[in-house]
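Undergrad: Read off the chains here:
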Amino acid sequence: MDPQKAYKDGLFRHNSVLSEGMVIAPVVVCCDTLRKSLLLSLAFVLITVTAVTLGSFYPKKLPYAVRIILYALTASLLYIPTALLCEYLSPETYAALTNMSLPGLGMVSGAAFLYLPLLSVNSFVVLHSELHFYHYKRGKMLGVLLSHAAGFSLAACLIGCIREIFAHGTFFGFAVDMPLILQGLAAPWGGFILIGILSALHRRIFPKKTEA
Amino acid sequence: MWLMTAIVSLLTTNLIFTRALGTSTMMAAAKNRSRLPVLALVMTVFSVFSCLGMQLVCYVFGLARLLHYPFALGLPLVYTLMIGVIYLAVLAFIELLFPQKAPGYRKYVHLSAFNCAVMGTLYLAFSPDGLSQDFAEPPVVSLFGLLIGAMNEPITAVLFGLQEGLGFLLASLMLSAVRERLYDSEVPSSFRGRPAMMVYIGVIALAVYAIFV
Chain A
196 MDPQKAYKDG LFRHNSVLSE GMVIAPVVVC CDTLRKSLLL SLAFVLITVT AVTLGSFYPK
256 KLPYAVRIIL YALTASLLYI PTALLCEYLS PETYAALTNM SLPGLGMVSG AAFLYLPLLS
316 VNSFVVLHSE LHFYHYKRGK MLGVLLSHAA GFSLAACLIG CIREIFAHGT FFGFAVDMPL
376 ILQGLAAPWG GFILIGILSA LHRRIFPKKT EA
Chain B
17 MWLMTAIVSL LTTNLIFTRA LGTSTMMAAA KNRSRLPVLA LVMTVFSVFS CLGMQLVCYV
77 FGLARLLHYP FALGLPLVYT LMIGVIYLAV LAFIELLFPQ KAPGYRKYVH LSAFNCAVMG
137 TLYLAFSPDG LSQDFAEPPV VSLFGLLIGA MNEPITAVLF GLQEGLGFLL ASLMLSAVRE
197 RLYDSEVPSS FRGRPAMMVY IGVIALAVYA IFV
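Sequence lines, in order, name chains A and B.
196 is the number of the first residue of the first sequence in the working numbering; add one for each residue after it.
17 is the number of the first residue of the second sequence in the working numbering; add one for each residue after it.
Some clues are possibly wrong.
Unchecked claim - To give an idea of the chain B side of the interface with chain A (calculated C-beta under 7 Å), a few residues:
#1 M20
#2 T21
#3 I23
#4 V24
#5 A36
#6 L37
#7 A80
#8 L83
#9 H84
#10 Y85
#11 P92
#12 L93
#13 T96
#14 Y121
#15 S206
#16 V224
Stated by the list, open to error - In silico lysine to any residue, SDA-like type, Cα no more than 25 Å apart, as pairs:
#17 B:K123 / A:K335
#18 B:K47 / A:L257
#19 B:K47 / A:K256
#20 A:K256 / B:L107
#21 A:K255 / A:L237
#22 A:K403 / A:A291
Unchecked claim - Okay, the calculated beta carbon distance ranges per label pair:
#23 A:G301 / B:A193: 26 to 34 Å
#24 B:I171 / A:D197: 35 to 43 Å
#25 B:I171 / A:R333: 46 to 54 Å
#26 B:R197 / A:R399: 58 to 66 Å
#27 B:G120 / A:H330: 39 to 47 Å
#28 A:K255 / B:T21: 49 to 57 Å
These are calculated hints, taken from the structure and not from any lab test.
From the three backbone atoms N, C-alpha and C, an ideal C-beta is built for every residue, glycine too.
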């Protein structure tokens, strides 16, 4: 496949969130503001790109199950400096990443503490590395991987922007004059519905064969 | 009454509807109804044994300090190791007991081992210290809440893992029941399939949130 096309596909047509439905959980729960989306995207890119690239050096002679465990362990190890970096860059946003709405409790501080560490077992690392990325030569693999990671970041930031404007009445922390605030959009159910609508819009722009 | 409480608690503590954990796995599982129970069973096995394993690591071997900062930063490493050991054990178990059917079962094990639902169950069962624990107790009694109060900690861990596995099965059944309709030609082509599924999960999640309004 033409490299340019492969990169564009990773970014747009085969967007991991809107087209493939991958790494949904952190986007649904954490991406309700642009700042949080940016920090989550940074963590995702650092963990995923580094882990998948390092994983490509592991011997293919190892059994599949052992390789998958090694990829996940590598990503888990990378989570430590990534979390420290995110906390250093923006302590407030890092803390805000752990807030989420729960049934009967409203917005609970700390309830979403698990989503950043869960990036270490995201499907790019434990599934699509073997299914997809390692079929390319290393240079092209890195390009395709980066384009997919950028596609994730793009979708996460778009979702974060929309939810921040409509659910909180702000944009990047600055107040926006909104006639109606839909607070529910910041809850996980709002995230699911918004991703569903954006996926439909994505399919309208990039049509593909109907799934079986 | 117990059944009603059980269903309500499975919904309100459901990892998929309240926390979006395991959504992609569930969407993949719902494609084939016949393999759904096997996948849910394998995921339950992973949840139960990983919770039990962490219980042993934390309290029997006295490694509870893992839940304190800064050791808590290494929790993904510990949890991955735990699930990795169970992953290899389950694969070996299948190869030993069902050598003929092993290749068929292997894909379920691969799909169930490292995903957000199993890892998320571990995080919720053993959350790092210093966090607000308000969210740990659901507003209604948990499925095995009454039993949990009366039993010792390893059993608590097993029941927690079992609850999350059953929750995954319930959510998958709810999705597979309507899957054909979501792929129906009457659904607008842009929404057909995955987008409609996401909206459907969102509406169910909204209903779960509305239980407490």
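Undergrad: All hints, please: hold or fail.
TA: Each hint tested on the structure:
Proximity of M20 of chain B to chain A is violated relative to the hint, the smallest CB-CB distance being about 17 Å (cut-off 7 Å). The interface hint given for T21 of chain B is broken, as the beta carbon of that residue sits about 15 Å from the closest beta carbon of chain A, more than 7 Å. Interface hint at I23 of chain B: violated, since its Cβ lies 14 Å from the closest Cβ of chain A, which is beyond the 7 Å cut-off. Violation of the interface hint for V24 of chain B is found here, the shortest Cβ-Cβ separation to chain A being roughly 10 Å, above the 7 Å cut-off.
The interface hint given for A36 of chain B is met, as the beta carbon of that residue sits about 4 Å from the closest beta carbon of chain A, less than 7 Å. This hint holds: L37 of chain B has a C-beta 5 Å from the nearest C-beta of chain A, less than the 7 Å allowed. Using the Cβ-Cβ criterion of 7 Å, the hint placing A80 of chain B at the interface with chain A is not satisfied: the shortest such distance is roughly 18 Å. For L83 of chain B, the interface hint is violated, since its Cβ never comes within 7 Å of a Cβ in chain A; the closest pair sits about 12 Å apart.
Because the smallest distance between the Cβ of H84 of chain B and any Cβ of chain A comes to about 14 Å, over 7 Å, the interface hint for this residue is violated. For Y85 of chain B, the interface hint is violated, the least distance from its beta-carbon to any beta-carbon of chain A being 11 Å, above 7 Å. Restraint check, P92 of chain B versus chain A: the minimum CB separation of about 4 Å is within 7 Å; hint holds. Among the interface hints, the one on L93 of chain B holds; its C-beta lies about 4 Å from the nearest C-beta in chain A, closer than the 7 Å criterion.
Because the beta carbon of T96 of chain B sits about 5 Å from the nearest beta carbon in chain A, less than 7 Å, this interface hint is met. Checking Y121 of chain B against chain A by beta carbon gives a least distance of about 13 Å; that is not within 7 Å, so the hint is violated. For S206 of chain B, the interface hint holds, since its Cβ comes within 7 Å of a Cβ in chain A; the closest pair sits about 4 Å apart. The criterion of a C-beta within 7 Å of any C-beta in chain A is met by V224 of chain B, whose closest approach is roughly 6 Å, and the hint holds.
For the proposed pair K123 of chain B and K335 of chain A, the alpha carbon gap of about 28 Å is over 25 Å, so the pair is violated. For the proposed pair K47 of chain B and L257 of chain A, the alpha carbon gap of about 31 Å is over 25 Å, so the pair is violated. The hinted pair formed by K47 of chain B and K256 of chain A fails the criterion: a straight-line CA distance of about 32 Å is larger than 25 Å. For a cut-off of 25 Å, the pair hint linking K256 of chain A to L107 of chain B stands: about 18 Å separates their Cα positions.
Using a Cα cut-off of 25 Å, the hinted pair K255 of chain A and L237 of chain A is violated, with the two alpha carbons roughly 29 Å apart. At most 25 Å may separate the alpha-carbon atoms for a hinted pair to count; K403 of chain A and A291 of chain A exceed this at roughly 37 Å. Our hint of 26 to 34 Å for G301 of chain A and A193 of chain B holds, since their Cβ atoms are close to 30 Å apart. Our hint of 35 to 43 Å for I171 of chain B and D197 of chain A is violated, since their Cβ atoms are close to 58 Å apart.
Here the CB-CB span from I171 of chain B to R333 of chain A is close to 49 Å, well matched to the stated 46 to 54 Å. Between R197 of chain B and R399 of chain A, the C-beta spacing of about 21 Å breaks the proposed range 58 to 66 Å. Distance hint check for G120 of chain B and H330 of chain A: the Cβ-Cβ separation is about 24 Å, which falls outside the suggested range of 39 to 47 Å. Distance hint for K255 of chain A and T21 of chain B: a CB-CB separation of about 51 Å, consistent with the stated range 49 to 57 Å.
The structure shown violates the earlier hints numbered 1, 2, 3, 4, 7, 8, 9, 10, 14, 17, 18, 19, 21, 22, 24, 26 and 27.
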